[in-house]
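Construct the complete structure from the given sequences, taking the supplied hints into account.
Residue numbers (my numbering), protein chains in the order written: chain X, 1200 to 1532; chain B, 765 to 1028; chain E, 307 to 613.
In short, the hints are calculated from the structure, not lab data.
Any given hint could turn out to be false.
[What the hints assert, rightly or not] Simulated coverage check for chain X against chain E, where a stretch passes if three residues somewhere in it have a Cβ under 8 Å from a Cβ of chain E: (1) 1402-1409; (2) 1445-1453.
[To be verified] Listed next, the stretches of chain X that the computed footprint assigns to chain B, with coverage defined by at least 3 CB atoms under 8 Å from CB atoms of chain B: (3) 1293-1299; (4) 1316-1325; (5) 1359-1365; (6) 1467-1475; (7) 1485-1497.
Note that the structure is predicted; figures quoted are calculated from it, not measured.
Here a beta-carbon is modelled for each residue, glycine too, at the ideal position from N, C-alpha and C.
Listed below are the residues making up each chain.
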Amino acid sequence: MRKGLNRHIGIFLLLKSVRMATLLVAICFISFLLIKNSPIDPIQAYIGADLLKVGPEQREKIAEYWGLDQPVMVQFFNWGSALLTGDLGTSMIYRRPVAEIISERFLNSFVLMITAWLLSGIIGFAMGVISAMKKDTWVDKFIKWYCYTLASTPTFWLGLLMLIVFAVWLGWFPIGLGVPAGVLAEDVTIADRINHLILPAITLSVVGVANVALHTRQKLIDVLASDYVLFARARGEYGFGLFWRHGLRNVALPAITLQFAAFSELFGGAVLAEQVFSYPGLGQATVEAGLRGDVPLLLGLVICSALFVFIGNLIADLIYYVLDPRIREGRMI
Amino acid sequence: MIVTVIAVIFLLSIVVGRFLLDEGRIATNLTIRNAPPSFDHLFGTDWLGRDMFTRTIMGLSLSMGVGLIGAIGSASIALILGMAAATMGKMVDRMISWLIDLFLSVPHLVTLILIAFTLGGGFKGIVIGIALTHWPSLARVIRAEVMQIRSAEFVQVSQKMGKSRWFIAVQHIFPHLIPQVLVGFLLLFPHAILHEAAVTFLGLGLSPHEPAIGIILSESMKYLSSGMWWLAFFPGLCLLIVVRTFDTIGENLRMLIDPTRAHD
Amino acid sequence: MSILEVEDLSISFKQYTRGLKQKHHHVITSLNVTLEAGEILAVVGASGSGKSLLAHAILGILPSNASMSGTIKYAGDELTAARQMALRGKEIALVPQSVNYLDPLMRVGAQVRTSVKQGDAALAQRKVFERYHLQSDVENMYPFQLSGGMARRTLLSTAMVSEANVIIADEPTPGLDPVVILEALHDFRELADNGCAVMLITHDIESALKIADKIAVFYAGTTVEVAPVDDFFGNGEALRHPYSKALWRALPQNDFVPIRGSQPHPSALPAGCLFEPRCEKVTLECRQARPEMRNLRNGMVRCIHAT
Ligand SMILES: Nc1ncnc2c1ncn2[C@@H]1O[C@H](COP(=O)(O)OP(=O)(O)OP(=O)(O)O)[C@@H](O)[C@H]1O
Ligand code: SF4
Ligand SMILES: [Mg+2]
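Here's what the structure looks like:
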């Protein structure tokens, strides 16, 4: 039986990967074309403020160095084949390999996102459960109102409010700057890092609960109105025990899946939060690359964010595959 | 119902208010700069002495305008692709579903940054970006709806009677789609506004010379540390209220056309 | 004294229609029925006549948008919500109507074991599975892995292991093979003979006649007749209500003549006798008021012209 399951997961993973691969290639190609057609001159972006001192010959040399003098398709294939070997090119603004910048910043963003993800998942789930159990009471109405309002709240504005209250008024946290000015990156302590993590993480979690909470609420209301909960009540089960035995299982699975499938929004939120709090993560790098025309970095980040979303979706699918007996054991018969 | 009416009035007053406001209030006036909220200046003034209330209203109506154009574009794409997926055979359906996956596999905000970058920022970039990123869910709804109508009995009968595809589309499918598209549009509109503000805030949207909400908020960041909270608080709050209002209107309309969800 | 008495029970639903308008559906109207210890009462009636809702009302598990009036008494005392909660599963057990009543994410063995209120749950579950010819690996299966018949037998098992005094079985037999039906019915009889009260809701009048003591006939949310099983014979001449007679005659093994018309919708009940639009003996009087339930020849009937 185990073997059958593994084989099915194998096939499933293979199919998923093929689909993802086609999407990823398309994303690479489209982003590449888009960026190549941008009116922003990559050479100017590279040289930055020194533009005035650069003569036409030097421009040509730079263009040649970056391969910018070749036809677009050739450039794409050069870039693509380098990509396959893990070489994402060199960032124009940081003058360092893109892969290096991304991996360094990914760690920062990952810590931020995973914290927010866990917090919002747990709190959102609990809120949804309470709301559904107390359906139509003031608690439920309040939670619903809160969630709908949060869903309409601009993340960056919430971040600004956090800054105003906790950094400016209360002075608990530094205003901006991921690393204290004047301190070398190596000397940054864990405490410093955590200090800079708290506000953006809270901002992201506060915004993130809405989706899980509303979804869990609806799902649990459906479950509580289901025939099998009715029958459980008919057999004398009630209250928390009933929820534990019949509600939780049937609600947690979709909630966890939803949370994994929400990686895309999480990343978007992180972009904004990082910008507000000057947190040195992927999001901030994306904005900077976009603003300053750092083509290799921007391309790398687009691919990285797509991979991130893919992995989230893949885990979501896998969880269903492994945990839901209807799918897991259904395949074996 | 009442909520919807109030909401509409509120939104209209922003749009109309924009034209009634005195342009002079946003002229530089250094004598009244950095003033906290007061009766004279409800939302306070900025470092150039411009009235924040006036700036906010103008910014909101601008953001709503940009959001509106983007949302209309997005709804049109959704309508075309949704209909195509439902009516033009399996191949087209698969391609469109692949396209939807494609757009869902990069975070919206990253796509928006990419498109804004490609088009060199500004109004065009943000409108096209919004139009291109918000259509997938509505396209799915429309596809499902068209599929359902097509399999309905009266359409089947019509088909057997030899009515043309065009006749069926105009007579049967469009009338049923209109409420769905309308509600879908209304629900996507607030997201369009939010995304416009976000991208502009990041500096990749409307130019800093426009009085957009995103610009106001990103400029305010410089002054927060000096305690000028009102620069960020009121404009953002107003943006929140506008977005929430559109969302409420959309949800209420959805309940009207879909009463089974009503008692929830 | 009857163990369960339902008096003047009415249930209605608030339903929302287009544009947020509300509408009341009277799905059960002044229903009376009693259940005696040691007896099997079969409840028959058309689909949608309110049989399942009666069962749910007795257990206190009506949906939240339902409103209920009337009284239900258990062992002489009124069955309040608190008492219902205390008695559910212990003294009153339900065999639900469909397979959807099993938790899709829980192994069926575990679901049966929760019904065991005293003694060794695992042992009781194994014994009852054996009795209903469910193999030992069935207890580790999920509901979606069961065939229709296996699921029915699982549902039956939950009630059998509960050792309740009152068993309400909502159509427990469809989909089962004849041997198992016989066994199940035999079990109900045995339970009744040991002092239980059984309410057997069924479409299968034929089987019901074999084991039941009394039959209650439902129509449009009310009991139109309660008759001893012996009255169901021949052309139904011993039956009291025109609907019971028509129902009896509509059976394939009898005349097989369908009753004309159809049951009124709960939102549009006739003002007088609920059967009036379809009744062959209708008179002006029938249209004026709802007939009361009255005793007649060792049974009960809700028809002013019944003899
Ligand atoms: N939750 C509900 N909301 C509204 N109406 C309901 C609800 N549950 C049941 N009804 C209505 O109550 C009436 C009686 O339903 P019930 O399930 O008791 O019928 P039944 O006699 O058990 O039928 P069947 O033989 O098909 O099981 C039906 O008209 C049904 O539409
Ligand atoms: S009361 Fe009248 S209408 Fe009703 S069943 Fe009896 S005879 Fe028929
Ligand atoms: Mg029923």
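Now the hints, each set against the structure:
1. 1402-1409: That given contact is violated, which follows from only 0 residues of the segment 1402-1409 of chain X lying within Cβ reach (below 8 Å) of chain E.
2. 1445-1453: holds (count 4)
3. 1293-1299: violated (count 0)
4. 1316-1325: Answer violated; 0 residues pass the 8 Å Cβ test.
5. 1359-1365: holds (count 4)
6. 1467-1475: With 5 residues closer than 8 Å to chain B, the segment 1467-1475 of chain X meets the three-residue bar; holds.
7. 1485-1497: holds (count 6)
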